[in-house]
Amino acid sequence: MRLSGLAKEIFEHVRDLPIISPHGHVDPALLLDDRPLGEPTSALIRPDHYVTRLMRTRGFDYEELYFGQELDFNQGEAIFLDFARYLPNMAGTTVAYWLDEQLKDNFSLSYEEVVASPKGTYVRLSEALLSPNFRPSEILNRAKVAVLATTDSYGSDLSVHGEIAWKGQVKAKVRPAFRPEGLFDISQSGWDAEVGKLGAATGLEINSFADIKEGLKRSLDYFVANGALSIDISPTSYEAHHLEDHVVEDIVSRRMDDGIDVLTTGDAKAFMEHMTYLMVEFACEFALPITIHPGIIRNHHLDTYSKYGSDKGGDIPRQVLVTDALFEVLNRFGNSPNLKLTLFTVDETIYSRELAPLAGFYPSVFIGYPWWFIDSPQGLNRFFDAVVPQVGFYKLSGFIDDTRALLSIPIRHKMARSSEAKYLATLVQDGYLTEERAMGVARDLVTSIPSNCFSIKQ
Amino acid sequence: MRLSGLAKEIFEHVRDLPIISPHGHVDPALLLDDRPLGEPTSALIRPDHYVTRLMRTRGFDYEELYFGQELDFNQGEAIFLDFARYLPNMAGTTVAYWLDEQLKDNFSLSYEEVVASPKGTYVRLSEALLSPNFRPSEILNRAKVAVLATTDSYGSDLSVHGEIAWKGQVKAKVRPAFRPEGLFDISQSGWDAEVGKLGAATGLEINSFADIKEGLKRSLDYFVANGALSIDISPTSYEAHHLEDHVVEDIVSRRMDDGIDVLTTGDAKAFMEHMTYLMVEFACEFALPITIHPGIIRNHHLDTYSKYGSDKGGDIPRQVLVTDALFEVLNRFGNSPNLKLTLFTVDETIYSRELAPLAGFYPSVFIGYPWWFIDSPQGLNRFFDAVVPQVGFYKLSGFIDDTRALLSIPIRHKMARSSEAKYLATLVQDGYLTEERAMGVARDLVTSIPSNCFSIKQ
Amino acid sequence: MRLSGLAKEIFEHVRDLPIISPHGHVDPALLLDDRPLGEPTSALIRPDHYVTRLMRTRGFDYEELYFGQELDFNQGEAIFLDFARYLPNMAGTTVAYWLDEQLKDNFSLSYEEVVASPKGTYVRLSEALLSPNFRPSEILNRAKVAVLATTDSYGSDLSVHGEIAWKGQVKAKVRPAFRPEGLFDISQSGWDAEVGKLGAATGLEINSFADIKEGLKRSLDYFVANGALSIDISPTSYEAHHLEDHVVEDIVSRRMDDGIDVLTTGDAKAFMEHMTYLMVEFACEFALPITIHPGIIRNHHLDTYSKYGSDKGGDIPRQVLVTDALFEVLNRFGNSPNLKLTLFTVDETIYSRELAPLAGFYPSVFIGYPWWFIDSPQGLNRFFDAVVPQVGFYKLSGFIDDTRALLSIPIRHKMARSSEAKYLATLVQDGYLTEERAMGVARDLVTSIPSNCFSIKQ
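Taken in sequence, the protein lines are chains A, B and C. So the first sequence is numbered by our numbering: it starts at 188 and just counts up by one. So the second sequence is numbered by our numbering: it starts at 188 and just counts up by one. So the third sequence is numbered by our numbering: it starts at 188 and just counts up by one.
Rather than coming from a laboratory, the hints here were simulated on the basis of the structure. Hints are not guaranteed to be accurate.
Note that the list lumps identical chains together, so a pair holds whenever it fits in one copy or between two copies.
When the alpha-carbon atoms are kept at most 20 Å apart in a straight line, the in silico DMTMM-like pairs for lysine to aspartate or glutamate are as follows [to be verified]:
{"#": "1", "residue 1": "K400", "residue 2": "D437"}
{"#": "2", "residue 1": "K360", "residue 2": "D372"}
{"#": "3", "residue 1": "K306", "residue 2": "D437"}
{"#": "4", "residue 1": "K601", "residue 2": "D444"}
{"#": "5", "residue 1": "K494", "residue 2": "E515"}
{"#": "6", "residue 1": "K195", "residue 2": "D617"}
{"#": "7", "residue 1": "K360", "residue 2": "D203"}
Predicted, not measured: the structure shown is a model, and the values here were computed from it.
Extracted from the complex, chain A is given alone in its bound form (with noise of 0.2 Å):
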């Protein structure tokens, strides 16, 4: 982003502050391997949903992906070609802005070469890649990245995380998320295997609600102890209903004794509603940040998700509304010193209607920075318009970078920093802040801003 008088000396003034990260998806074993990125197609393009997705859409096919094999130089090249031969209908997107900021930080490269030499290019990068330099440890120390978040179910030991630490070649503190997703559907199949997992983990044998619900609490207590951030759910909605024990307890033990057929819509949707207020009790039991992630449908397009499995480009975001949807929870919890309850969301009329007034009066409640979909310049700065006339920047979240590509991660924030500076000369230059006030927000922003909604002690 190109930025100039105040919003580039305010950017100065954080561009090279640590990263922090409470949330991505980075696979830790990625970390622990620390093995160059090697191969430029697998290690850029083919896990990056963001990008297959544009390409599909215009006409590529995933069969050309080889998902789940290893590629060679051959297949590799071919696959970058016809990345090269996509890219300009993605003229004026983040996903090549992204991409070209990559590609200029790293290897002196842009946008408009690959475009113009995708084989010269696709040479290049593979020499690069092969280097020490792009290991992910070097990589992240690079960036400065002081905090690093994964993604893990309460089935992981969190070994990984110790011997991350052990090693040290990573500098930044690698810390779980828990992610107890797997057992918030009970209408899907594989919501039995999970009950099972949960009960590996913990040395329960489960047969009812009481012991799903005390495996929880067990694996939460081993996260806490191992360092986890915060409790991460992605439900369908909203809404967080508290059931009646005899209640809930006659929904699982018909979905265990009779299976999915037994169910009904309702059953499957009161008992998510349940989970979602379950978690943001436990939340507050453990004193652990909380973060929803809601209103998303998972694999729109079934025929992609049976060929090619989730995470493919095909989510697609649907309306959520709040004020209602938590009323109870809030009622209950809302006002607790012990929650940090963070709310994101890829619908952006939610934002000035119910974010920014619920966030403005509960203590408990942040709002999460543009998540996905949004998560762009643009985006940026419509919420920070949306929210910060009514809540100022010290219920948000700090960026969020979300992702698993590991070179997109200074990129993203070093893009976050810039819309934060951009936006804050503009309320600088329309004399709502003084300068100095403007710098100051500007690095709590980066530091205090998101170590207190994670409850980070630096």
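Please build the complex by placing chains B and C on the supplied structure of chain A, with the hints as guidance.
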């Protein structure tokens, strides 16, 4: 707000024009007493839930505000120091901007000075606010307030309004607004008392809905005779639907005979929707403008409500829909030359989708300026961007300050005039208006436009 | 629109390129007659409900438009003087901007001159519009219209299109669009007549839904053979759901045998949703692009409708939802290379939340440019800001003028090209695109992008 070039010229053209404030919440008793504001915290902070909620959400305990007690110097100072401590967290908010402008315009102080030396500031404010310059009449006269609407129940005899006029210290015409809301929610325990209040005020014995209607009509006659500017209602939604007489009588008689417990949710909803319809009908019959402010969940946090009462920052908006909701009532009254129906919202999604299309067709429909949570320079800009291309400026309400905070009245109108000037300057720069036309529109926005919308004769 | 710097350069680069207008409402009979537009009010004001509704909402009575009668000079002048009187109230609207641009480009007049001397303007316009320069063919040829779509019922034999081509005065290819909507609402009393029209046009005796399907297919065959550009539908919502044969046959036979009264609301809704589904299926089968324009309540004010008919400015939008509504049909056809499905909206909330995510995944899905109420420079800017960061420019429809007003066609496309240039210039200035790339995108937006979306061979 810092303006330059043409925006500044347009603003200068209108900055000193009198203020028309056709909807607000100033207590008329304050104007009659006309004592200097006095102790700063009682005057500026404690009654302003825009401010106190932003302290609360960062950890401040409402207990420390001593609601319902008169504050002495020590208590006032202690709260003020807390306020100054929370102020940096409000950077970027409209509340901080209003405070900063109030401090500058009235006391040659600023936001940053409060942060830097709260004790000294408190002392200076304490002294200043004892001066006769800060009597309500002086504040309003200095701001050239020409018309000021208050908010009044059918129970009021409006004698205060008469006495204010008789004393003549306040140059503004202080005019009542008819607020029948106490009767809207038949499921509230206080409903009987409201019916009693209506009966007492109108000398009727009320035993049926027909009696309620008769009472409301008598009260409206009295309000119209005493210069009322509008009927103001704030129902849960925009739904307005007529009930047959026997249906509404049945609901009312069950409520009167057997209490709340015999009512269904449907009864209460239907009754409120009928009341909304009826108020539009009365607005026509009495040729009195009506404003609707829907979609707010009052007192979202019940615990705060039970401890401290309403208007403590705990009201939260939710989605509203208009096109279908007002279908019936607009088909019945929408074309009437007697009706002026101004539609407010805190749900910005309906500006371009529903409000502008309706206001561009129905002569009776006006669009209310951004209200409450979205009453900010940024909110005003989004509002103009959404509605002006469709309906221009002459079906808008003009700015509504909606406040009980006397010192913020001139500041809020200044913000609106600045925002209007800035937007109009952009239209000129983009080639859509001549400078002369823009100057004319700016002037109309603070003179003929609100006067027309609220039928104010000048 | 006033442009400067790079925005102006980009605009100059595309300003004189031919116009592709793949969706509009010009009456082809007008092109065949090819008489000069003549009397100004009949030509410019009375048929344009964008204009007349803005007069109406400020008090103008539609009675004075003499709908259905030919206007003489005196009547035309009287209406024009009224129009000039209401014009100042339209300051800032897109309608005023279009009028101003039309006056400037065609008559060296302006908005302000109409306001200042309406009589003189009317005389000048009257003279000008009698000149052969203002024959429809001249207007279109002067504007370099290359492709112009009309709107046609299955009842049309499309002979006018053939005659226009044969006469050769209009250089544009005038192409029909298939509009099957008369059959969508089975609860309308006119439905039987529409079925009859389909039967008459296709030589079928229609006694069942199978017959209706067969009729539609024959009609589509005929339209495709005669160069149809698209199927255009405007259902109440985006819901598209398949009904089993026996279910739809049951609804249709009850309707045919026993009339409207035996239908439930559910029947009519299910039937319309089935028709929407079916049209997408046909679009695939006939490889004909399809556009959906949903979410408009037609003729919101019934009294205006009964007096003056439809298209009088009384259509009002309401909320639409897409992600779930199109789940079924996109799972069935969304990946088909034969399908081009363009989704329009006047509900801006779905741009970033649903339309861009869908268009970024499904190869068949395109996003329609802002339409109707949001077809303004401001609306276009919000549109680009919402969708381009997600999907870029190549899954958009290109600009759609959607008009029946001949003189506004070049103006509207000029507005779109200006808005595109302005937005692209911002992307360059912010560092997201090279100038060269921006020039290329600007060119594609008026050439290959609409051609691809509507399968136009050039």
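Cross-check of the supplied hints:
For the homomeric pair K400 and D437, the shortest alpha-carbon distance inside one copy (15 Å) is at most 20 Å, but the shortest distance between copies (48 Å) is not. Taking the closest pair of Cα atoms, K360 and D372 never come within 20 Å of each other, the shortest separation being 32 Å inside a single copy and 55 Å across copies. Taking the closest pair of Cα atoms, K306 and D437 never come within 20 Å of each other, the shortest separation being 61 Å inside a single copy and 61 Å across copies. Taking the shortest Cα distances, K601 and D444 never come within 20 Å of each other, neither inside one copy (52 Å) nor across copies (67 Å).
When the C-alpha separation of K494 and E515 is checked against a cutoff of 20 Å, the pair qualifies only between copies, where the shortest distance is 18 Å, while the shortest distance within a copy is 40 Å. Proximity of K195 to D617 under the C-alpha cut-off of 20 Å is found in both arrangements, the shortest distances being 17 Å within a copy and 12 Å between copies. Taking identical chains as interchangeable, the C-alpha atoms of K360 and D203 lie at most 20 Å apart only when both belong to the same chain, with a minimum of 18 Å there against 59 Å between chains.
Violated hints for the displayed structure, listed by number in ascending order: 2, 3, 4.
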